[in-house]
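Undergrad: The sequence shown finishes on residue 347 if you use the working numbering, and the numbering steps up by one all the way, no holes.
I should point out that these hints are in silico values taken from the structure, not numbers from a laboratory. Take the hints with a grain of salt, since some may be wrong.
For lysine to aspartate or glutamate, the following DMTMM-like pairs were computed, each having C-alpha atoms within a straight-line distance of at most 25 Å [as the list claims (entries may be wrong)]:
#1 Lys176 <-> Glu148
#2 Lys280 <-> Glu291
#3 Lys61 <-> Asp162
#4 Lys317 <-> Asp295
#5 Lys280 <-> Glu252
#6 Lys166 <-> Glu191
#7 Lys317 <-> Asp183
#8 Lys69 <-> Asp34
#9 Lys317 <-> Glu151
#10 Lys317 <-> Glu192
#11 Lys293 <-> Asp257
#12 Lys45 <-> Glu63
#13 Lys176 <-> Glu151
#14 Lys336 <-> Glu192
#15 Lys61 <-> Glu168
Okay, the calculated beta carbon distance ranges per label pair [stated by the list, open to error]:
#16 Gln171 <-> Ala129: 18 to 26 Å
#17 Glu63 <-> Ala141: 38 to 46 Å
#18 Arg335 <-> Pro241: 20 to 28 Å
#19 Asp295 <-> Pro75: 48 to 56 Å
#20 Arg296 <-> Ser76: 46 to 54 Å
Every residue, glycine too, gets a C-beta built ideally from N, C-alpha and C.
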Amino acid sequence: MSGDQNYINHVALVLDASSSMSRLSRKVVEVADQQIAYLARRSKELDQETRVTVYVFADKVECVIYDKDVLRMPSLKQLYRVGGMTALLAATLKSQRELARTAQLYGDHSFLTFVLTDGQENASHRCADAPVRGPRELVAAVARMIETQEDNWTLAVLVPDQMGKREAMQCGFPKDNIAIWDATSTQGLEEAGQVIRQATEKFMVGRARGIRGSRAVFSTGAEAVNKETIEAAGLTPVDPSEFQLIPVAREAAIRDWVIECGHTYRTGGAFYQLSKSEKIQAQKQIAVLEKKTDRVFTGPQARALLGLPDTEVRVKPDHNNDFTIFVQSTSVNRKLVAHTRLLLMI
2 MSGDQNYINH VALVLDASSS MSRLSRKVVE VADQQIAYLA RRSKELDQET RVTVYVFADK
62 VECVIYDKDV LRMPSLKQLY RVGGMTALLA ATLKSQRELA RTAQLYGDHS FLTFVLTDGQ
122 ENASHRCADA PVRGPRELVA AVARMIETQE DNWTLAVLVP DQMGKREAMQ CGFPKDNIAI
182 WDATSTQGLE EAGQVIRQAT EKFMVGRARG IRGSRAVFST GAEAVNKETI EAAGLTPVDP
242 SEFQLIPVAR EAAIRDWVIE CGHTYRTGGA FYQLSKSEKI QAQKQIAVLE KKTDRVFTGP
302 QARALLGLPD TEVRVKPDHN NDFTIFVQST SVNRKLVAHT RLLLMI
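The whole structure should be built from the sequences, with the hints applied where relevant.
TA: Now the structure itself:
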């Protein structure tokens, strides 16, 4: 890309508006509006032009906003109305097909789409927007479309359960571009919004490093954290004299264990191993350990590597053979998990 070409992001939200979403409809608008405000702020900070498209779907698929400058977006309050069945596959196909007709002249263009649904596909075969009619043909059409998308396209979906995840994988969605959200509560939708924000942050920071698309937007595993992404993020190893790795033999409070192992406890100096789903606050530092060499990488770019925005988000550790994620602790009684390790900055 020549230096004078700007980054142009085309971000689409494809939102389920079937009848079952009615109890969450106000929250959908709130979460979508928050996402758009976040996109507007980060676009300015990272100097990336962002254009937003919004589709809503029930029995039919409707584009309510098309490729509009994120800094001029209205609230979705007047545009999101629920009622009907779930034409999920038709919405996925229509959104990607129409966005593919967007001009990509003069700039480094990239497309990021989030599809959010609280249920299974049940209406596309009757939907006028579907290019084919049979349920099997629809699944094959989506899989074929995803397979043939260029490398500057990222398509992700949020589904309510494991069955939804299986169906999404059958449709060709990359495994790490599928997230499960709790569709039973407004809290679940709030958390889905955080997941989308985290994935967007990872995408936008990646754009600034020349990454054009991703098949692992929801992952903290090997797809997201590896030698190449660490290098691309500009992370350098910490001097071995500046940290110690301490095995955690049994469950214990963090300060007690540090002192028991003969060290001084300093608030913010100890990092616990991310071993289960956790909420990570905006101010918490992240460190990444290379298992083979015990090299440790940290710094502000480590948060960006995981796509952590400057708000609290829930993060789950995904399987990674080569790297372990550590999170800064600012409490004295954080419970350490037995048979993990503790990273102590000296």
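Undergrad: Give a verdict on every hint.
TA: To see whether the hints hold, each was checked on the structure:
no., hint, result
1, Lys176 <-> Glu148, "holds (13 Å)"
2, Lys280 <-> Glu291, "holds (23 Å)"
3, Lys61 <-> Asp162, "holds (23 Å)"
4, Lys317 <-> Asp295, "holds (22 Å)"
5, Lys280 <-> Glu252, "holds (20 Å)"
6, Lys166 <-> Glu191, "holds (20 Å)"
7, Lys317 <-> Asp183, "holds (15 Å)"
8, Lys69 <-> Asp34, "holds (14 Å)"
9, Lys317 <-> Glu151, "violated (29 Å)"
10, Lys317 <-> Glu192, "holds (12 Å)"
11, Lys293 <-> Asp257, "violated (28 Å)"
12, Lys45 <-> Glu63, "violated (29 Å)"
13, Lys176 <-> Glu151, "holds (18 Å)"
14, Lys336 <-> Glu192, "holds (24 Å)"
15, Lys61 <-> Glu168, "holds (20 Å)"
16, Gln171 <-> Ala129: 18 to 26 Å, "holds (24 Å)"
17, Glu63 <-> Ala141: 38 to 46 Å, "violated (25 Å)"
18, Arg335 <-> Pro241: 20 to 28 Å, "holds (25 Å)"
19, Asp295 <-> Pro75: 48 to 56 Å, "holds (52 Å)"
20, Arg296 <-> Ser76: 46 to 54 Å, "holds (47 Å)"
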